[in-house]
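Protein chains in written order, with our numbering: chain A, 1 to 265; chain B, 1001 to 1263.
Since no wrong hints were added, every one of them can be taken at face value.
Simulated pairs of lysine to aspartate or glutamate, DMTMM-like, Cα-Cα distance not exceeding 25 Å:
1. A:Lys252 <-> A:Glu229
2. A:Lys54 <-> B:Asp1148
3. B:Lys1159 <-> A:Asp158
4. A:Lys114 <-> A:Asp158
5. B:Lys1159 <-> B:Asp1148
6. A:Lys178 <-> A:Asp228
7. A:Lys252 <-> A:Asp228
8. A:Lys252 <-> A:Glu224
9. A:Lys54 <-> B:Glu1164
10. B:Lys1159 <-> A:Glu11
11. A:Lys178 <-> A:Glu245
12. A:Lys178 <-> A:Glu37
13. A:Lys252 <-> A:Asp180
14. B:Lys1159 <-> A:Asp122
15. A:Lys54 <-> A:Asp108
16. A:Lys252 <-> A:Glu166
17. A:Lys114 <-> B:Glu1164
18. A:Lys178 <-> A:Glu229
19. A:Lys54 <-> A:Glu90
20. A:Lys54 <-> A:Glu224
21. A:Lys178 <-> A:Asp158
22. B:Lys1159 <-> A:Glu166
23. A:Lys252 <-> A:Asp235
24. A:Lys54 <-> A:Asp180
25. B:Lys1159 <-> A:Glu90
26. B:Lys1088 <-> B:Asp1148
27. A:Lys54 <-> A:Asp182
28. A:Lys252 <-> A:Asp30
29. A:Lys252 <-> A:Glu173
30. A:Lys54 <-> A:Glu37
31. B:Lys1159 <-> A:Glu72
32. A:Lys54 <-> A:Glu11
33. B:Lys1159 <-> A:Glu115
34. B:Lys1159 <-> A:Asp108
35. B:Lys1159 <-> A:Asp73
36. A:Lys252 <-> A:Asp236
Not close to chain A: a few residues of chain B, all C-beta gaps over 12 Å, as computed:
37. Ala1007
38. Leu1011
39. Leu1019
40. Ile1023
No lab work stands behind these hints, which were simulated from the structure alone. Backbone N, C-alpha and C define an ideal beta-carbon position, used for all residues, glycine too.
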Amino acid sequence: MIDTAGRAVVELRAADKVFSNGMRGLAPIDLAVQPGEFVTLIGPSGCGKSTLLKLMANLIAPTSGGLGWWGEDFGRVGQAGHQMAFVFQEPTLMPWSRVDTNVRLPLDLAGVAKEAAAPRVDAALAQVDLASFRRHYPRQLSGGMRMRVSIARALVTDPDLLLMDEPFGALDEFTRNKLDDDLLRLSFERRLTTIFVTHSLYEAVFLSTRVIVMASNPGRVFAEFRVDEPEPRGDDFRTSARFAELSRELSKILHAASVAVGPAP
Amino acid sequence: MNEQHPAARTLAPLLVGILILAIWEGACRFWHVPAYLFPAPTAIATALVRDWAVLLRALGSTLLITLQAFVIAVVLGTLIAFVFVQNKALEASFFPYAVLLQVTPVVAVAPLIIILVKNTALSLTICAAVVAIFPVISNTTIGLHSVDPGLLSYFRMNKASRLETLLRLRVPSALPFFLAGLRIASGLALIGAVVAEFVAGTGGQSAGLAYQILQAGFQLDIPLMFAALFLIAISGVALYLLMVGLNNALLGHWHESSMAEEH
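Modelling step: build the complete structure from the supplied sequences, incorporating the hints.
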């Protein structure tokens, strides 16, 4: 769903984060993510990309500055029909529940009746190609399949905004590429706005419309990098000379970000 | 663990048992060991059959005390654990006393309880429950606390209520710990019941297996003593197997503790 008012899906206004131990996690950041964008956050370890994502998920509050979702406070998200979903680094599934019950969890917590939830669960599982595994338990699945269940659990709420914290970081490269393909297809088909933290610059180039390169000490936005390749993208893009060229450019920026020294915290 | 056929896992210890009994019997016969010193298995079996009526009543009495104590320990222990996790200050204030309860030997406390509580069956039940309650409190508390932090964040993000988080997340997370606590508590309830019977030394209609052991000792009826001992051991094993069965029935699908086959 594209926001008709044309407001940013999520917007940070000079939001920063100082941790309770006095460490400055994030310098004040201004950032607006527009509907339909696929934004990746990338940078050296400790640059605060996960902190930035958690701010945008309202998992943590900024020390100063402000945030808005569709131009509103977090408390009003959902009232105007907007939905956001978060996918963690780990699949974080309930090991005692079958796949379909795991996927249904956000609907259960929102008080959706089981009969109304069932077709939505089926649709979400079909989208991640796990329809035939609905009665399995998480421990019967591979790492990649568990991650797909986690994505189905995010999709089942029909979100406008999808926040993902290095979701495929623990997976092997083949599985990761496959999931990247699926994710890109889904976000294109459903016109999702996605914000995605990654360590892999190839993943960033492949997925993003915009890459936010971050630097550390203190965590801050170092540069923005646009990828103008049209959707849908597939293996053709991944093996193209354009992809290699974009990767090389991003690699240079990343290198500059990793050696950049900011003001003392 | 290496892979074994399920039949082999029952058969192997059974064979060991038969072998030990055979050697025991053979040694007693070969050296003509008198039954009042160390009875042969056949002598014990004879005593078991001879005094079956008395032993059965004693077994029933001990098992009743054990069962009552176990139920009290589980219900009360679980309630205490739930109260503990709701309030950190309460847990910090009272947990040391739960530990105190655990480290004080029941033999030392039993005379006091037996003096304070007039009803013998009740005082024995209380003694056994005191012994059995700690693993229930401790394991359930740990279980209710040991929730996947990612899942907890997920519940919070989805604005789940306290009750929903408790029922959908904390209780299932605690289940493996709770069941491990039950397994320990069932054995301790039996031990507690037997020890309390020893201390109380009460006979009459409600006399348990411990009393039979005491009596057999006075009368130098060592085969009877062994027969009573055998029944206590068998009861302990039965309780343990019952708890393992419960564990597998409730966790069989998802938890590592009851994994039969590797995927």
